[in-house]
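Sequences are here, hints too, so could you generate the full structure?
Chains as they are written, first to last, in our numbering: chain V, 1 to 298; chain P, 1 to 378.
Certain hints may be false.
Unchecked claim - Straight-line alpha carbon distances no greater than 20 Å define the calculated PhoX-like cross-link-like pairs of lysine-lysine that follow: (1) K205/V / K82/P; (2) K205/V / K109/P; (3) K82/P / K109/P; (4) K205/V / K175/P.
What the hints assert, rightly or not - Some residues of chain P that are not near chain V, with every Cβ distance over 10 Å (derived): (5) S20; (6) V74; (7) R83; (8) E84; (9) L85; (10) S107; (11) T235.
Keep in mind that the hints were calculated from the coordinates and are not lab data. Just so we're clear, the structure is a prediction, and the values are computed from it rather than from any experiment. All C-beta atoms in this analysis are idealised placements derived from N, C-alpha and C, irrespective of residue type, glycine included.
Next come the chains, spelled out residue by residue.
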Amino acid sequence: MSTTLSPSIRPPSRVRKTPFVFRPVSLLVVPGFAVILLFFVYPAISILTRAWTHFQAPQEGGWDNFAWFFTEDVNITLLLRTFGVTLLVTVITLILAFPFAYLMTLVSRRWLVVLTTAVMLPFFTNYLVRIFAWVVLLQDNGVVNGALSAFGIEPFHMLGTTFAVTIAMAQTLLPLMILPLYSVLQGIDRSLLRASESLGASPAKSFFRIYLPLATPGMLAGSVLVFVFGLGFYLTPAILGSPQNALLAQQVVTQVQDLLAWGRGSVLALVLLLVTFALLAVAMRFSRNTVSSAYGIR
Amino acid sequence: MSADRKTRGAGLSLRRLAKSYGPVHALKEVSLDIAPGEFVTFLGPSGSGKSTTLNLISGFQDVTSGEILLDGTVLQDVKPHKRELGIVFQNYALFPHMTAGQNVEYSLKQRKIPASERKTRVRKALESVGLGGYGDRYPRELSGGQQQRVAVARALVFEPRVLLMDEPLGALDRKLRQVLQLEIKRLHRELGITFIFVTHDQEEALVMSDRIAVFNEGLIEQVGTASELYENPATPFVAEFLGETNALKGSVQSIGSNLLVHGATVFRTDGADENLPAGPAILFVRPEKVRLLTEAKPVKEHEDAVYGVVRETVYMGSLQKILVTNEEGATVTVLEATGAPLPAIGSRVGVAWNINEARIISTEQRSNSAKNDEVVSI
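Dropping the structure here:
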């Protein structure tokens with residue numbers, strides 16, 4: 001064919017960044033910054049530095065608190081358990097959130113409001129109330145066991161187990177998975193699925209080849225949120241779990257509150273923080289690749 | 001369309017096809033036979049049922065009643081991904097996470113065609129739309145026109161026998177649209193497959209199609225070649241939707257009279273509309289068939305004329321337009337080649353046309369027999 005590309009065929013222009021210009025209105029950020037510096041950055045640094053300044057015998061100085069962390073087997077066990085439980089919670093929320101968020105993209109505006117409210121309602125409920133609601137549900141003569149016995153199933157012990165902690169955490173963190181996932185799913189053009197079918201792919205194949213790859217940025221964003229928040233959970237494992245299957249945050253509280261071992265508490269928090277950062281860095285790198293390929297950006 | 005052309009296209013028949021959503025009849029009843037290798041355009045305003053018809057053919061909506069036949073076999077029970085129809089979507093629907101080449105390759109992968117053959121066919125398909133070296137680009141990195149070409153290549157690479165296009169040029173600027181119209185025509189000529197093209201742009205329909213089906217309110221008003229529709233519209237809607245026209249309202253006094261009474265004037269036609277029913281009717285005459293009367297060129301024997309006041313004159317480059325309003329308040333537009341002096345606004349003039357060029361259409365006349373037993377929709 002005659003390949004005379006007309007002048008209007010040219011690559012789309014990029015958005016140019018405007019350079020920052022100082023204006024008096026910029027000063028409005030000062031109070032916010034001040035609050036963060038005074039009430040977050042300063043205390044955080046002051047607590048974390050105690051890892052090198054506060055010692056409990058037999059630790060004496062320097063990096064002794066770090067040595068303590070790695071020589072106490074219980075710390076490693078807690079760290080691994082914390083990551084294990086949080087990972088499980090992330091997977092569960094992802095599995096629960098995907099169909100829900102998908103449904104949200106299909107329903108009418110009115111049903112969308114209903115579904116969004118259903119997601120947000122737990123957020124408006126007091127955190128402790130929600131945990132105690134789980135106690136009511138899961139205790140030995142609680143609602144769940146009551147329902148099971150109605151079907152002739154033997155009641156079993158749930159309160160104080162990792163199972164109870166996991167499902168309560170999953171319930172609490174579910175909105176953090178659904179919302180970012182929904183925001184990505186609702187941006188996926190459904191005519192892409194039609195296009196895929198018109199090209200000979202079955203609906204199931206179209207879902208896995210087209211929809212799922214485009215949904216990955218949302219799944220990653222939700223997973224990172226749930227995982228990072230989940231690592232720091234204290235009240236849920238403290239109330240619904242038991243000391244035998246405690247998570248790392250409980251150990252921080254034990255060390256600081258019960259033993260006044262500030263240095264050890266700081267080390268625990270530091271290790272958790274650093275490992276979290278490391279995992280986030282990996283996730284970010286991974287997500288940058290998937291996001292860019294999902295949207296054809298280089 | 002011609003029988004001598006070696007066609008690889010499939011014939012498509014719509015038999016009393018209808019689609020309703022609850023009480024709403026999106027498509028009331030449509031029958032149409034499309035010949036193998038024909039280029040048919042579905043033309044109509046939005047909500048006229050043209051896109052619904054296309055969606056029924058492609059299988060993305062379920063047929064309420066009637067039949068779709070592809071080369072004589074019933075199509076509506078076949079799942080969309082088994083219909084083997086090439087589709088170009090309105091927004092192109094290119095997969096954003098795949099390069100142009102991967103987009104084109106997708107259908108070949110579904111058909112388990114070996115990699116070496118896939119590569120050759122993808123390259124050829126992209127070359128055929130003028131995007132030879134663009135296989136590695138992502139859709140984001142392509143302009144609208146280039147994306148449209150990729151969409152066409154993707155829909156054609158698996159050699160479907162019918163290509164459906166849903167307003168494929170709607171998002172492009174006018175110049176580019178004209179270039180692509182001709183390219184799509186060329187592809188149709190080269191491939192010999194059946195093309196069904198949906199548009200609301202009458203100019204596009206006139207340029208591209210073998211035949212045009214004019215849709216309105218869930219029915220086909222008229223089917224015919226571009227010149228048939230333009231010169232011999234069957235309904236007022238077709239006359240007004242295709243091209244510019246002058247409409248003079250009036251009434252036919254007795255059956256078969258061929259005379260339209262418009263205020264104090266009576267208009268004639270050449271007798272082509274013999275069976276006009278009595279009652280309200282409209283006389284249509286194209287602006288380019290109307291001339292301005294001058295002292296040197298007064299009304300002739302076979303002409304009808306309207307007298308009025310010049311309301312507006314427009315210079316349009318190669319053409320100029322004069323709008324004349326008569327005492328009944330009707331406006332007649334005259335379209336003529338530039339050069340003749342434009343009359344002053346407010347001056348009294350006469351305009352005339354050859355009675356062969358005028359057409360009287362009863363406003364009660366229904367072109368489509370289906371309209372008579374049409375269900376009143378909400």
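Hint check:
no.	hint	in the structure
1	K205/V / K82/P	13 Å, holds
2	K205/V / K109/P	12 Å, holds
3	K82/P / K109/P	15 Å, holds
4	K205/V / K175/P	39 Å, violated
5	S20	19 Å, holds
6	V74	19 Å, holds
7	R83	8 Å, violated
8	E84	8 Å, violated
9	L85	6 Å, violated
10	S107	4 Å, violated
11	T235	33 Å, holds
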